[in-house]
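Listed below are the residues making up each chain.
Number of protein chains: 2
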Amino acid sequence: MDHVIRPTLIIRESVCKNNIKRMAEKAAKSNVIFRPHFKTHQSEQVGNWFKDYGVKRITVSSAEMALKFAKAAWKDISIAFPANPREIPLYNELAGNIKLNLLIDSSEATQALAEKINKPTGVFIEIDNAYRRSGVPHIFEHKIDKIIGDIDKAQHLSFKGFLTHSGNTYAAAGTEEIRNIYQESIAVLRSLKEKYLPKYPGISISIGDTPSCSIVDDLSGADEIRPGNFVYYDLMQYYLGSCHMQDIAVAVACPVTGIYPERNEIVVYGGAVHLSKEHLDRNGKFYGLVVQFTDDGWTEPISETSVISLSQEHGIIRTTADFLSSVKHGDLLGILPVHSCLAADLLKENSFVI
Amino acid sequence: MDHVIRPTLIIRESVCKNNIKRMAEKAAKSNVIFRPHFKTHQSEQVGNWFKDYGVKRITVSSAEMALKFAKAAWKDISIAFPANPREIPLYNELAGNIKLNLLIDSSEATQALAEKINKPTGVFIEIDNAYRRSGVPHIFEHKIDKIIGDIDKAQHLSFKGFLTHSGNTYAAAGTEEIRNIYQESIAVLRSLKEKYLPKYPGISISIGDTPSCSIVDDLSGADEIRPGNFVYYDLMQYYLGSCHMQDIAVAVACPVTGIYPERNEIVVYGGAVHLSKEHLDRNGKFYGLVVQFTDDGWTEPISETSVISLSQEHGIIRTTADFLSSVKHGDLLGILPVHSCLAADLLKENSFVI
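Taken in order, these protein sequences are the chains called R and E. My numbering runs 62 ahead of the 1-based position in the first sequence. My numbering runs 62 ahead of the 1-based position in the second sequence.
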């Protein structure tokens with residue numbers, strides 16, 4: 063830790079590997095394909111840890127990320143973001159080297175791909191169950207039929223099945239609601255699969271979100287799961303009930319640059335460009351909780367202590383007189399991020415593994 | 063624009079240069095040193111545009127940024143972030159090559175520097191008027207005396223004066239309040255300067271925030287100004303009254319990847335990792351306004367249209383049926399950012415100038 067001079071993402075290998083192991087075992091027990099989403103860590107090193115658990119297929123959220131992991135010898139990649147017609151040359155480059163799956167939710171997108179994709183490429187149809195981000199609403203059967211018809215006509219596209227991301231679990235009031243959202247999603251996707259299976263015997267259904275995959279014990283209703291955040295977890299997942307505090311595998315190490323006893327506040331070098339402005343609101347807004355580093359990791363969060371404000375490079379921690387008096391200028395404090403995907407993205411060139 | 067395949071920061075050179083010219087002229091008329099903050103653009107190219115307006119001294123917010131601009135031949139740099147004891151070796155490296163100023167707000171920080179700084183280095187004392195981020199509260203005269211005493215004793219440190227960032231202008235209800243905050247800050251810094259000037263005849267006072275520097279006409283109360291955001295401006299500044307809509311010099315170009323007439327929404331490739339989660343709330347939360355690109359820039363914001371939600375890579379735009387029907391899959395839409403400093407930081411490797 064003595065080498066940490068600026069905000070740095072500290073990744074706990076043992077915690078991270080436990081998170082991977084737990085999810086891999088659940089996938090195996092549920093007899094579903096485990097295709098983890100690598101957008102959270104975006105790290106070749108962390109990616110390699112998945113290989114020990116038999117993972118060969120992965121998910122990413124951009125063509126850029128797919129190229130990065132294809133270079134790192136991953137051979138079967140789904141880009142779980144609606145196909146972007148401006149990146150078709152990159153898709154062709156990828157599909158020439160790896161097994162590539164894309165995501166579509168419109169006839170327009172399918173036709174754009176049909177016209178310019180010149181290598182064998184799988185396509186999943188994204189279904190919008192209730193999240194209202196991307197995807198075809200499952201009730202629009204004529205649209206789904208039209209897209210499948212367009213895929214059939216395309217020389218290099220093959221229909222792989224139905225995929226959804228139930229991001230609405232992030233707004234759920236509790237684990238019971240998350241289970242319900244999961245069951246509804248599975249029911250919708252299974253009925254679509256059953257409808258089209260006779261004509262397309264190879265199709266599968268793929269689900270994604272970390273809250274569902276963490277909270278639901280039996281995932282056998284799906285054919286494939288694509289959780290991403292679970293590799294690190296974070297405070298958002300903790301408060302959703304997806305993980306325990308000790309499952310959070312990352313903390314941002316921040317140097318203390320100011321101590322203000324008159325207002326029980328500490329300023330650290332660690333701001334919006336390191337943690338992101340993602341926040342939670344539980345009796346007040348906060349951008350992270352504070353831990354102290356130990357020989358092999360970090361403590362539980364310090365009580366009555368949180369990051370209450372962020373500007374570009376400054377983080378303001380409000381705490382107790384007691385904790386404040388124990389902190390010295392130049393100390394390192396750890397901040398558990400609200401949303402590890404964003405913090406890890408911001409610090410992808412400034413991280414290390416313990 | 064045909065080459066834009068993913069979220070890209072588009073910088074309008076003419077607008078940007080106008081913003082620089084206006085601020086440089088105001089500084090000259092007010093007879094204050096113009097030491098612009100480069101944390102907003104972090105760009106060598108944009109930095110060079112300042113040279114045409116006589117700028118030789120700059121501000122940055124980290125040692126890393128100072129090293130970058132020192133390499134780009136900037137010879138007089140202030141790091142306007144509380145000195146970080148863990149980066150003292152970098153400060154020495156810098157101070158060996160350029161004229162360096164650091165910021166301190168405690169005796170502890172001063173003593174840490176005194177012990178390890180081995181090249182001539184200027185130090186400003188940061189004063190906290192009312193913002194409550196970093197800085198010594200101006201009423202703590204004994205603390206200020208102690209810090210100055212510590213500087214006097216340090217072999218390589220020289221006392222440069224008092225600096226403040228009135229970030230509380232960002233929470234102001236209107237331009238009148240911003241003027242009042244500015245006047246109060248100036249009054250506080252001037253009285254400190256007058257007190258210490260007899261013993262330290264070279265000291266000056268430095269103020270910073272873009273709202274004050276944009277809204278107040280006569281800045282002659284200060285000796286130096288350090289605005290940063292004004293180079294690009296953004297929606298936050300527009301609603302504060304710091305700029306006109308046409309002064310906003312950056313838009314994030316985002317490919318359209320989904321069109322949903324049933325809910326009057328468009329999904330673009332452009333999310334929290336491109337725009338940041340900074341938002342405004344004016345009859346509803348939003349993360350950006352939407353423009354269309356023209357031959358030499360972009361239109362005014364499309365009416366009744368805004369970015370209502372962001373996930374890691376997706377942006378959801380809510381709009382009218384009318385505008386929605388004019389948009390095609392694969393089009394590029396421009397998003398005016400809420401906070402250009404954060405968007406520019408996120409897209410610093412993915413930007414271009416028009």
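One thing to keep in mind: the hints can contain errors.
[Unchecked claim] List of simulated lysine-lysine pairs, DSSO-like, C-alpha gap at most 27 angstroms:
{"#": "1", "chain 1": "R", "residue 1": "Lys-133", "chain 2": "E", "residue 2": "Lys-410"}
{"#": "2", "chain 1": "R", "residue 1": "Lys-390", "chain 2": "E", "residue 2": "Lys-261"}
{"#": "3", "chain 1": "E", "residue 1": "Lys-133", "chain 2": "R", "residue 2": "Lys-410"}
{"#": "4", "chain 1": "E", "residue 1": "Lys-410", "chain 2": "R", "residue 2": "Lys-410"}
{"#": "5", "chain 1": "E", "residue 1": "Lys-205", "chain 2": "R", "residue 2": "Lys-178"}
{"#": "6", "chain 1": "E", "residue 1": "Lys-390", "chain 2": "R", "residue 2": "Lys-215"}
{"#": "7", "chain 1": "E", "residue 1": "Lys-390", "chain 2": "R", "residue 2": "Lys-208"}
{"#": "8", "chain 1": "E", "residue 1": "Lys-390", "chain 2": "R", "residue 2": "Lys-390"}
{"#": "9", "chain 1": "E", "residue 1": "Lys-181", "chain 2": "R", "residue 2": "Lys-130"}
{"#": "10", "chain 1": "E", "residue 1": "Lys-133", "chain 2": "E", "residue 2": "Lys-113"}
{"#": "11", "chain 1": "R", "residue 1": "Lys-410", "chain 2": "E", "residue 2": "Lys-130"}
{"#": "12", "chain 1": "R", "residue 1": "Lys-390", "chain 2": "E", "residue 2": "Lys-133"}
{"#": "13", "chain 1": "R", "residue 1": "Lys-113", "chain 2": "R", "residue 2": "Lys-178"}
{"#": "14", "chain 1": "E", "residue 1": "Lys-410", "chain 2": "R", "residue 2": "Lys-390"}
[What the hints assert, rightly or not] Restraint-style ranges between C-beta atoms, simulated for each label pair:
{"#": "15", "chain 1": "R", "residue 1": "Thr-237", "chain 2": "E", "residue 2": "Pro-323", "range": "52 to 58 angstroms"}
{"#": "16", "chain 1": "R", "residue 1": "Lys-410", "chain 2": "E", "residue 2": "Ser-220", "range": "34 to 40 angstroms"}
{"#": "17", "chain 1": "R", "residue 1": "Lys-133", "chain 2": "E", "residue 2": "His-65", "range": "41 to 47 angstroms"}
[To be verified] Taking beta-carbon pairs under 8 angstroms as the criterion, some of the chain R residues facing chain E (in silico):
{"#": "18", "residue": "Ser-105"}
{"#": "19", "residue": "Gln-107"}
{"#": "20", "residue": "Tyr-331"}
Derived by calculation from the structure, the hints in this document are not laboratory data. Ideal placement from N, C-alpha and C gives every residue a C-beta, glycine not left out.
Status of each hint after checking the structure:
1. A distance of roughly 23 angstroms separates the Cα atoms of Lys-133 of chain R and Lys-410 of chain E; the hinted pair therefore holds under the 27 angstroms criterion.
2. A C-alpha spacing of about 31 angstroms is found between Lys-390 of chain R and Lys-261 of chain E, which places the hinted pair above 27 angstroms, so the restraint is violated.
3. Of the pairs offered as hints, the one joining Lys-133 of chain E and Lys-410 of chain R holds, with about 24 angstroms between alpha carbons and a cut-off of 27 angstroms not exceeded.
4. Restraint check: the Cα-Cα separation between Lys-410 of chain E and Lys-410 of chain R comes to about 14 angstroms, which is no more than 27 angstroms; the hinted pair holds.
5. For the hint linking Lys-205 of chain E to Lys-178 of chain R, the alpha-carbon distance of about 69 angstroms lies beyond 27 angstroms, and the restraint is violated.
6. Annotation: proposed proximity of Lys-390 of chain E to Lys-215 of chain R holds, straight-line Cα distance about 22 angstroms (limit 27 angstroms).
7. The suggested pairing of Lys-390 of chain E with Lys-208 of chain R holds, with an alpha-carbon distance near 18 angstroms, which does not exceed 27 angstroms.
8. The hinted pair formed by Lys-390 of chain E and Lys-390 of chain R fails the criterion: a straight-line CA distance of about 57 angstroms is larger than 27 angstroms.
9. Our distance criterion of 27 angstroms between C-alpha atoms is broken by Lys-181 of chain E and Lys-130 of chain R, whose separation comes to about 43 angstroms.
10. Pair hint Lys-133 of chain E plus Lys-113 of chain E holds up; C-alpha atoms about 16 angstroms apart against a cutoff of 27 angstroms.
11. For the proposed pair Lys-410 of chain R and Lys-130 of chain E, the alpha carbon gap of about 19 angstroms is at most 27 angstroms, so the pair holds.
12. Of the pairs offered as hints, the one joining Lys-390 of chain R and Lys-133 of chain E is violated, with about 33 angstroms between alpha carbons and a cut-off of 27 angstroms exceeded.
13. Of the pairs offered as hints, the one joining Lys-113 of chain R and Lys-178 of chain R is violated, with about 33 angstroms between alpha carbons and a cut-off of 27 angstroms exceeded.
14. For a cut-off of 27 angstroms, the pair hint linking Lys-410 of chain E to Lys-390 of chain R is broken: about 34 angstroms separates their Cα positions.
15. Our hint of 52 to 58 angstroms for Thr-237 of chain R and Pro-323 of chain E is violated, since their Cβ atoms are close to 35 angstroms apart.
16. Checked against the hint of 34 to 40 angstroms, the pair Lys-410 of chain R and Ser-220 of chain E passes, with Cβ atoms roughly 39 angstroms apart.
17. About 23 angstroms separates the C-beta atoms of Lys-133 of chain R and His-65 of chain E, a value inconsistent with the hinted range of 41 to 47 angstroms.
18. Interface hint status for Ser-105 of chain R: violated, as the beta-carbon distance to the closest one in chain E is roughly 15 angstroms, over 8 angstroms.
19. Contact between Gln-107 of chain R and chain E, as hinted, is not supported at the beta carbon level, the nearest pair being about 20 angstroms apart and thus beyond 8 angstroms.
20. Interface restraint check: Tyr-331 of chain R against chain E, minimum CB-CB distance 5 angstroms, threshold 8 angstroms, status holds.
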